[in-house]
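Chains as they are written, first to last, in my numbering: chain Z, 52 to 417; chain L, 52 to 417.
Hint data in this document are derived by calculation from the structure and do not stem from the laboratory. Every residue gets a Cβ at the ideal spot worked out from N, C-alpha and C, and that includes glycine. Errors might be hidden in some of the hints.
Label pairs and their calculated CB-CB ranges [stated by the list, open to error]:
(1) 235/Z <-> 114/L: 41 to 49 Å
(2) 174/Z <-> 189/L: 23 to 31 Å
(3) 257/L <-> 260/Z: 52 to 60 Å
(4) 258/Z <-> 235/L: 32 to 40 Å
(5) 143/L <-> 112/Z: 16 to 24 Å
(6) 357/L <-> 227/Z: 41 to 49 Å
(7) 227/Z <-> 189/L: 50 to 58 Å
(8) 176/L <-> 189/Z: 27 to 35 Å
Protein chains: 2
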Amino acid sequence: MTKDKSRRKFLRDALGGVSAVALGAQLYSSVPAQNKVSRSHGTVRSAEPSIRFAIHGGAGTILRNQMSAAREKEYRDALTQALMIGYGILKKGGPGLDAVEATIRFMEDSPLFNAGKGAVFTSAGTNELDSSIMDGKTLKAGAVAGLKHIKNPISLARLVMEKSKHVMMVSDGAEAFAKEQGVELVPASYFYTEDRWKALQREKAAEEEKNKAPKEKKPLKAHASLPEHEYGTVGAVALDQGGNIAAGTSTGGISNKKWGRVGDSPIIGAGTYANNRTCGVSATGDGEYFIRSVVAHDLSALLEYKGLSLKEAADVVIEKVDKLGGKGGLITIDKDGHLAMSFSTSGMYRGHVGADGQPIIEIYKD
Amino acid sequence: MTKDKSRRKFLRDALGGVSAVALGAQLYSSVPAQNKVSRSHGTVRSAEPSIRFAIHGGAGTILRNQMSAAREKEYRDALTQALMIGYGILKKGGPGLDAVEATIRFMEDSPLFNAGKGAVFTSAGTNELDSSIMDGKTLKAGAVAGLKHIKNPISLARLVMEKSKHVMMVSDGAEAFAKEQGVELVPASYFYTEDRWKALQREKAAEEEKNKAPKEKKPLKAHASLPEHEYGTVGAVALDQGGNIAAGTSTGGISNKKWGRVGDSPIIGAGTYANNRTCGVSATGDGEYFIRSVVAHDLSALLEYKGLSLKEAADVVIEKVDKLGGKGGLITIDKDGHLAMSFSTSGMYRGHVGADGQPIIEIYKD
């Protein structure tokens, strides 16, 4: 299927699947939502302020021949809705931070993604959620990790950024802060989904099987290829009409995780980064490798200090992660409205809005 | 006092104050410990492998006229011992990671520094410790946060790096991992020190006083000037005989902290970073600003992508933090053996070993 056909098909699906109220007006806006203008050259200016919005719903082993049409439609519909929520905010002149937060909240509420409602289970059968958000204008940031009772971690990350003097809060302490801020805590059972629970049971069974087998004294190896269901981190990056960049990421981490493991999603500079001088980034994948590579900040530094194009920089950092042995991807938007999406996995759930104001949803590599 | 006089004075003090067994042999080694060789040029090579070691014990408002001679001696003695532990390991050909870990363990065990034994108290009267370590050769890293019963967080960070597939573990989960690894957990009372406890009481009293005063509706402001006792994070950076760089950092965070606050010390790229291609960094100060500035990785990127000298890069990143409103400092060593120590506070407890193999301990800016 060509990209064009794919987009038309998606539009049909999307309109069938989602509320016309939420979507219609935005999808068929007659004004081109943006004309890409290179702010850095500054000689050409569009009449319309340049806005840009992109999202991801996780990178991983997503194979076309293993995806049913119905399942694919579910993802495309959810991604479209998520995308158009944030894009609608930007189009009305709203701040990038609002677009990022609202879109990620929607994805957190969907059981399809490994964040919020759809979070994977820890080894102990609990859910531990991590998230972060960053404001490229002020370089303010908020991050939370190890949450067990917060419906929308992205909103708590934003509260940490805006209502505390801190950047990062973890575990019970972060939830105590949430309570003080009037955030409603949900019972742990809110995060139960049959799919994720079954995935945990499969992994535990496999683990037990492995433990029964004669032990080889191999050095501990990092998980080079996570199963598909372990991915599903969500993220969004926005460039608003004021030229401000925002980025956010939210995740349930990895299934069957132990020991209060925290990945790259709540780490500023690794899973999330935004800076009006350069770009916004949200990453997804083998979190450990993304932390070690300081992926999101490295991308920004390659633009600022080495003068790489956004696409080049995105590819370079994903290649660095790959060389260390990690897989994953990222979405990024620079100050001039360029967009890049780079990943080393067979697929990444992703979407952005084209120059014509219409959503483009993609899943596979090819 | 000139630097030379200061060093001689310090040597007298040091030898008076610390075990000759631990120190003597190393202090008066007749072989110059290192000749600085620019590896990047490669034409000149010293007969001695180039090693480098530096430490800090926190940056802050440290004023000469407020420091008693006895107190200053305590710090100088402890810094000297800490420094020579790691340097001794490097001199014998040991790995940088061992030097960093052993030195930081010593500082964690000292009540003088805000790490391990001397950690400040949280608002709840507990102690929550954070630490991280990174190996510049492999880019492997380990980080722990929110520990309440771990005597030496730096060693647990190293275990996370070497004995798990993860990079970061927090709170109870991290302590469960510690137990599995056979690390002895200490009772919370181990971390009680009178000084830190009194500091907490003073802050609580001040807080109460402030709450009684008529409330002004000011926007929340980050703590631009932490009192002296809130600093005291420790860190070390090593370049070993194999040309490998390692860095580590350990802290009790900020006194009277709430909500599971985590600062930059356990954040790879912010408080700690090491990369054999560039440099090793350990930072200390207003953690929130160091996270937002991704200080340690930014310094590395300025070397790698922009070609700044180590000193230039160190000054640039501290200036960036300053512009955001944060204070603090860092120590850094590059792959060619250059050393820089930059800080925006009135003092930073710090030490390194000179080209003649002798320790140089400094406290104040001037």
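(request) Against the earlier hints, flag every one the structure doesn't satisfy and list their numbers going up. (result) Violated hints (numbers, rising): 4, 5 and 7; every other hint is consistent with the structure.
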